Amino acid sequence: MEKNNYVSGKIIKNEQIDNDIFLIELEGSFKGEPGQFYMVRGWDEYPLLPRPLSIFDLENNKISFLYQVVGKGTGILSNLKKGAKVEILGPLGNGFPIVNNQKVALVSGGIGLAPMKYLARKLDCKVDLFAGFRTSSYLMDEMSNFVDNIVITTNDGNEGKKGFVTDYIEDKYDVIYACGPNPMMNSLKKLNLKAKSYYSLEAHMACGIGACLGCAINTTKGIQRVCHEGPVFDGSEVIFDVES
Amino acid sequence: MLKVNICGVEFNNPVIAASGTFGFGREFEPYVDLNKIGGISTKGLTYYKKDGNEGRRIHETASGIMNSIGLQNPSVSEFIKNDLDFMKQFDAKIIANIGGSQVEDYLKSIELIEETDIEIIELNISCPNVKEGGMAFGIKCDIAFDIVKKVREKTNKVLMVKLSPNAENIKEMAISCVEAGADSLSLVNTFNALAIDIYKRKPIFKNVTAGLSGPAIKPIALRMVKEVHDVVDVPIVGMGGIMDWQDAIEFIMAGSTAVQVGTANFIQPNIMEDIIDGIERFMIKENIKDLSEITGII
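Chains as they are written, first to last, in our numbering: chain A, 7 to 250; chain B, 6 to 303.
Incorrect hints may have been included.
As the list claims (entries may be wrong) - Simulated DEER-style distance windows between Cβ atoms:
hint	chain 1	residue 1	chain 2	residue 2	range
1	B	Ile225	A	Pro189	38 to 44 Å
2	B	Lys205	A	Glu243	26 to 32 Å
3	B	Phe287	A	Asn192	34 to 40 Å
Just so you know, these hints were derived from the structure itself, not from any lab.
All figures in this text were calculated on a predicted structure; none of them were measured in a lab.
For each residue, glycine too, the CB sits at the ideal point set by N, CA and C.
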């Protein structure tokens with residue numbers, strides 16, 4: 007049997023969307039469901055580890071990832087030009103369960119917007135997006151093609167509503183899909199909304215395939231791996247360690 | 006041509022997955038031909054199930070990875086019940102890696118392994134991420150001697166003892182373990198290391214220190230393998246930052262009968278297949294019929 011491995015994808019586009027936010031598009035036929043991720047490396051030996059990036063969008067002959075430059079790896083990635091190649095492994099993990107005919111809210115904090123486009127595109131529901139940013143929004147025009155309403159919040163009130171998305175979300179949804187920093191997800195959980203919730207979590211990981219146990223989190227079901235049982239978890243099961 | 010023998014156990018080749026980097030093989034099965042690799046050292050097993058450590062568990066450094074997993078594992082008995090049959094389907098030799106916090110726990114684990122047909126036990130007295138026990142057993146020779154001797158009395162299987170690079174004196178440690186009854190030694194485990202979050206002004210890891218692996222440790226690990234090879238006469242399984250076949254050959258020339266690959270599995274899941282192929286090509290090119298011709302040659 008043919009074994010999976012890293013495969014090359016040629017960069018079609020790698021553009022800066024905002025200060026430290028980039029969108030990379032690769033040519034090729036790739037698989038994946040909303041919420042799943044790929045391990046991505048755009049360098050030879052160092053940094054040692056690839057970086058886990060969730061699927062921003064996926065079409066017949068194209069896959070894209072929205073990412074934030076936070077360290078050396080993503081810094082190198084952001085400097086790659088059209089035509090260069092990156093190595094990717096995936097799709098990995100379990101994505102968002104897709105629902106039909108429900109009132110849905112997508113809740114994102116910052117780069118937590120990353121899995122939301124593909125998800126919104128796959129949902130055949132009435133969908134509202136609550137998108138929180140530090141000081142200004144990005145990609146909202148693109149998102150508006152796939153959602154009904156958008157509520158933008160910024161920490162400083164520079165754009166949209168001032169504060170956090172969790173200050174503005176109403177208790178009128180059947181399902182909430184969320185992705186963002188742990189404190190945001192923890193606040194969302196504490197709102198005790200009646201909606202069924204699914205959280206896509208981020209964690210430092212080494213292998214991305216469930217072996218290293220580096221991305222373990224606490225849940226009501228015990229220790230789970232973000233890369234393998236996640237990155238999407240039933241919101242009622244996640245126990246947040248907001249320090250890390 | 007690639008076969009190696011460790012105390013009567015024949016491996017198809019000298020490349021073994023290092024404990025803690027390969028689970029029980031299950032996660033890697035879609036990526037690696039488990040019939041091709043020489044062996045798998047299981048995720049470190051303890052008598053009681055362990056949830057592992059809280060907080061950050063992985064941190065990348067220059068040429069290395071720090072981890073503080075804390076021996077998360079389902080327990081020896083659950084491993085035997087749920088995972089051993091899966092591992093036995095493949096040609097890779099199974100090595101049971103046994104860790105613990107107390108001597109009694111090690112001995113109880115050994116009793117359970119003794120009832121299986123696993124041929125090799127790798128005694129982990131060197132985990133830096135377990136608060137009690139773990140590495141503490143692997144730093145001082147007299148403590149290591151004591152635990153190895155007690156385990157030796159409990160098992161007829163091949164007993165490989167995994168040494169810590171944090172041992173006070175690696176040569177004396179190796180001699181103590183062999184005198185206590187170790188049939189083989191594997192080295193080195195991760196180096197006790199520190200990383201600091203400068204914005205939080207705190208260590209990255211809740212346990213403050215964590216274990217460093219990867220290419221950063223290779224030259225030191227290699228030196229330790231040579232030093233141990235110079236003073237004991239048992240098969241050595243060398244490891245520490247092996248990223249390609251050239252690294253593996255270096256470890257063999259420093260005195261390793263076989264090698265373990267750890268961190269590299271995270272970076273390229275089928276790296277061990279490449280390493281095996283590379284070793285074979287090297288042997289053909291250099292007209293080496295058996296790896297024993299170059300083991301410890303330097």
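Outcome of the hint check:
{"no.": "1", "hint": "B:Ile225 - A:Pro189: 38 to 44 Å", "in the structure": "40 Å, holds"}
{"no.": "2", "hint": "B:Lys205 - A:Glu243: 26 to 32 Å", "in the structure": "28 Å, holds"}
{"no.": "3", "hint": "B:Phe287 - A:Asn192: 34 to 40 Å", "in the structure": "53 Å, violated"}
Checked against the numbered hints above, the structure breaks only hint 3 and satisfies the rest.
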